[in-house]
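**Student:** The chain contents come next:
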Amino acid sequence: MKLSLDWVREYVKVPDDLQAFCDRLDLTGTGVEGAEIIGDAFEHVYTARILTKEKHPDSDHMWVCTVDVGAANLDDDGNPAPLQIVCGAQNFEAGDHIVTALPGAVLPGDVKIKKSKLRGVVSCGMNCSERELGLGNGHDGIIILPKDAPVGVLYSEYLANTDTVLDLEITPNRPDCLSVTGLAREIGAMYQEDVANPLPEAAARLESLIEGRPVSEDVTVTIADEARCARYNARVVEGVKVGPSPDWLAQRVTAAGARSINNIVDVTNYILFLYGQPLHAFDYDRLKGEGGTVDVIVRPAEEGEEFTTLDGQDRVLNPDMTVIATPERAVALAGVMGGLDSEVEDDTTCVLLETATFSRAHTSRTSRSLGLISEASLRYERGVDAAPIDEISKAAAALMAEVSGGHARPGCVDEYLERPEGHDLRFRMQRFNAMMGADIPEDFVRDSLTRLGCTVETTGDADVLRVLTPTFRPDLEREVDLYEEALRLWGMDRIPPTLPASPERVGRRTRAEGIRRTVDATLRACGLSETMTYSFADALDLERLRMDGVAAGQAVELLNPMNADHAIMRRSIFPGLLRSVAHNQAHGVADVQLYEIGTVFSTTEGRQKPKESTKVAAVLVGAMEPGGWNAARVPFDFFDAKGICEALLHELACAKVRFKPLSEEEAPYLQPGRAAVIMANGAELGWVGELHPLAVAAFDVTGPVAAFELDLAALTKAARPARDYVDVPTHPAVEVDQAFVVAEGVTHEKMQQVMASAGGKLLESVALFDVYRDEERVGAGKKSLAYRLTYRADGRTLTADEVDKAHAKLVQKVQSATGAEVRA
Amino acid sequence: MTTAEELSSLKESVLAQIASAENTAQLEAIRVAVLGKSGTLTAHLRNMGSVPKERKAEIGRAVNQVKAAVEEALDAAKASLAAQELAASIASDAVDVTLPGRAQHIGTRHLINAITDEIADIFLGLGYSVIEGPEVETDYYNFEALNAPADHPSRSMQDTFYVRDMTGREAAVKGESDILLRTQTSGVQVHAMEDEELPIYVIAPGKVYRRDVADASHLPQFHQIEGLVVDKGITFGDLKGTLDFLCKEVFGPDRKTRFRAHYFPFTEPSAEVDVSCGICGGEGCRMCKHTGWLEILGCGMVDPNVLSMSGIDPEVYSGFAFGMGVERIACLKYDVPDLRMLLDGDMRFLRQF
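Chains as they are written, first to last, in our numbering: chain B, 9 to 832; chain S, 1126 to 1478.
Source of the hints: derived by calculation from the structure; they are not laboratory data. Glycine is no exception: its CB is placed at the ideal position from the N, C-alpha and C atoms. Any given hint could turn out to be false.
[To be verified] So the derived label-pair ranges between C-beta atoms look like this: (1) B:729 <-> S:1225: 35 to 41 Å; (2) S:1213 <-> B:764: 47 to 53 Å; (3) S:1265 <-> B:639: 54 to 60 Å; (4) S:1230 <-> B:525: 37 to 43 Å; (5) B:59 <-> S:1460: 53 to 59 Å; (6) S:1476 <-> B:680: 32 to 38 Å; (7) S:1320 <-> B:320: 32 to 38 Å; (8) B:744 <-> S:1171: 32 to 38 Å; (9) S:1207 <-> B:831: 42 to 48 Å; (10) B:17 <-> S:1410: 48 to 54 Å; (11) B:621 <-> S:1265: 19 to 25 Å.
[Stated by the list, open to error] Using 25 Å as the maximum straight-line C-alpha spacing, the simulated PhoX-like pairs for lysine-lysine come out as follows: (12) B:813 <-> B:668; (13) B:725 <-> S:1332; (14) S:1414 <-> B:10; (15) B:619 <-> S:1414; (16) B:668 <-> B:758; (17) B:668 <-> B:817; (18) B:617 <-> S:1414; (19) B:758 <-> B:790; (20) B:617 <-> S:1332.
Using the sequences plus the hints, can you model the full thing?
**Tutor:** Here is the structure:
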């Protein structure tokens, strides 16, 4: 909402200190988003006088003038020097006093004035019309000032009416503030100043402007659905001559942010900005039916009804939308915008003036469905007060008649179906102060609420005030709404800060939160950096990742995505992570260690809310370190990813951790042979592997990419509070190194299982320390696995004999269970 | 040569060898050659059996004297040579301590989560717990239960992403749906009031979504931290004191806060909170658009309708709620020039935090 201070000062005193005023507006709930001083636009714009005027040598309509701008232009000796200016206007003669913009001026519309050549002739400025200065609509020619006007004075000083226009953020609960009179009332309450209401006098002026037949003779109004329109007032102004607005009117609507169109439209906008009441001016003759009457019908639109709004757009309507219609056709989209074929045009002589109020909900939905927001819809969806409609209609008709040379026909048709009522509320002073933590006096509360338009009365209870709220404040429905008014006007800054005194509260971390913290801390300790990627995804992402065939459920589709790349919600974090890897590689960063803990989404037919699950996803590309003077670069592979998973599951004290190979069918997104499912206690936690080279290439990444994904809920379930305590050994252990040659298909896990069961109680641990393949020495299709076996007994020192016996048994069992040969 | 003469010459030659030994290894070789199992002096001791009885005492004494002298000389020489050798070894082991240490790779927390952690810890200290809510919400939790019923004008304050409703239901407005990406973490307030026992002291950090084109200062997905207190006797002063404490903890003890009346459908009275600009100290600069203040969060007393809808009696309980944008804090604290960097995953960016 743009507020001209010049305008609002007609009704209330506004402090001179602009900064303090803006701060007070900000603090009491009216945000100031900007302040524009209208005169600022006139920097480098001076009063001037035409000295000579000659035909342009190369144009039949332009003139070459010398213009006296006084001391605004000086020659090298410091004497005033006239300027040569090429001018296209026809309405001036030598000797006329005019307004000239010099080089450096920036006129409304960001028009920069520079020294230039027009058809070969140098021009050092521009002689201005009203429109070029944003002062009004006059563009018939340049401004001609009176003969006694001074020369070489800043035009803004000459006008002496610089105005400040504030750009205000009006919150959706305050429809009353979308008007100059509403803001005047607000400012009055802010500063305890009295406010003038111009409406009664403005409406009274109509009496002397009435002529002709009563409106009711040939105008009818029918409201088909009273839930959509509580009041509809039609008045007729005839004998109008459409033309430019007077300067004062053009200036007001321009300052309020509208364009000056013509006297009729400007009056509707002036009233809209002044009182917050949208109006619509129809060309009366274009509404007339065959019988010569105007029959206005407010009705739901028909399904698929086509309508052209006055912005020239063709709209397809539905029955939730309301139209203003004649029996023949729709002529306006109620509450939002008029129709193209019934608008006021230059030849209009008679106007039907609509002053009405429409349903907030219907207006809001219509505006959103059509993507069409207007000054009218903005106000209707927040609520327009039906009570003053007749008075405002009179004021509008009077002004319209005055500026267009017409007159209003007697009376009006006023369908008033539902009268708005204020609320009858109590205000408990003690409760108010207890809730605010303050001691705000009753006098202040009474005065503030009264200035805001409420009627405040005492009751039998000294603590309780009775407050009747005005109809223009639909937001004041409950006692607490009044608390807010009193508090904001008192000043939130005056409330002393305290902390809640609750004796009952404790802050605690949940188990899930604790586990999440452990996961984060462990992954960082393992060298991974946390990242975040988009929750949105491309519909083809899973196919690129080769995961589409094995992902559960369906994608969650957005109805209004920002773009096609972000059309659905992600079902996997990996496409995002791979894009980050590609970004790094494209910027010369070869070593990437990233993880993200985030939500993935899926749904199924018939399901309302999608399934959300939290995944821990990581990628390792390149190496941990680039290699240095004392460390070799060790490229990442499967075992780096697996090692991190093992460390994490160890930190979370997961029991019975297993890694089982995944086949290409089970995990087509992973490179076959380098893919495993991660289990703990028999439950699946996720997978680890190297991403399939085709998936990696599909995201323009140079692989290999070692990766893992864990389900956070499954991890939380598998995690234990702590590992079991085991006594620290006091007796020495015996270590035996043993290498076995086995077929390729025999896994380390199998060897471990056999040794663990064969070693019995004495075998404390098994550690693999070498894997060796050599066709000659070990044999084709075979590998040598070398283990360090640690034997130890509880509470005593083992004898050599015991160890030998136990080890021999172990070797024999391994041989029989796996076909292993002992390697010397 | 008599035995005595032999011993004397042995002694002299050994002492000379010891004196000329260059290192402890040579000393050890000398010791073995003289005093070892088959050493020259050991041979004399071993030959004592063949020494005539009357000379045994005399020769024995002489051998022992030589042995003692040799041992003493060996010890002395060893001590001196060992010291030299240690010094030499230390000298040769010296390194350029400015060479880089052996790399230990520790990952980093994402800036947004680092800030969230910091704020969660502050509130844990104030007796709050952390809760979470879903990112895809129903219209009810995102708007309606927050006192913003259908067609409420506050809904247009936030441009919402709508999700296809797989039950096939159609919304009243074309292109909208009852299922949506939450535009605010405020819905978690409602879940908390429905699910938690009173009194409630919680914060709810999380990702939210709004239809903004990604640019330097906007992202279609960002993070908020919501706070909710519902208890007996909660005042607007408590809200002020809590947020004042938060801002001083996050931004520093010399920062001031300012409460501006505002409007949110689910709080009444409502306010926006500014923190004094850290660049200019409140004097006004480009960072704060010459106001001296930086907008940091929205807050208010929980609207009685919201309490009632969740089955809490607003005549008995009152509360406050607040919400802040984490990206906003990140920008204010770290001067991040482009919010999109938070989603790029660029290692050079991530590893700075």
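**Student:** Does each hint hold? Answer for all of them.
**Tutor:** Hint-by-hint comparison with the structure:
no.: 1; hint: B:729 <-> S:1225: 35 to 41 Å; verdict: holds, 40 Å
no.: 2; hint: S:1213 <-> B:764: 47 to 53 Å; verdict: holds, 51 Å
no.: 3; hint: S:1265 <-> B:639: 54 to 60 Å; verdict: holds, 57 Å
no.: 4; hint: S:1230 <-> B:525: 37 to 43 Å; verdict: violated, 20 Å
no.: 5; hint: B:59 <-> S:1460: 53 to 59 Å; verdict: holds, 57 Å
no.: 6; hint: S:1476 <-> B:680: 32 to 38 Å; verdict: holds, 34 Å
no.: 7; hint: S:1320 <-> B:320: 32 to 38 Å; verdict: violated, 53 Å
no.: 8; hint: B:744 <-> S:1171: 32 to 38 Å; verdict: violated, 45 Å
no.: 9; hint: S:1207 <-> B:831: 42 to 48 Å; verdict: holds, 45 Å
no.: 10; hint: B:17 <-> S:1410: 48 to 54 Å; verdict: violated, 32 Å
no.: 11; hint: B:621 <-> S:1265: 19 to 25 Å; verdict: holds, 22 Å
no.: 12; hint: B:813 <-> B:668; verdict: violated, 33 Å
no.: 13; hint: B:725 <-> S:1332; verdict: holds, 24 Å
no.: 14; hint: S:1414 <-> B:10; verdict: holds, 20 Å
no.: 15; hint: B:619 <-> S:1414; verdict: violated, 43 Å
no.: 16; hint: B:668 <-> B:758; verdict: holds, 11 Å
no.: 17; hint: B:668 <-> B:817; verdict: violated, 28 Å
no.: 18; hint: B:617 <-> S:1414; verdict: violated, 42 Å
no.: 19; hint: B:758 <-> B:790; verdict: holds, 15 Å
no.: 20; hint: B:617 <-> S:1332; verdict: holds, 17 Å
Going through the hint list in order, the structure does not satisfy hints 4, 7, 8, 10, 12, 15, 17, 18.
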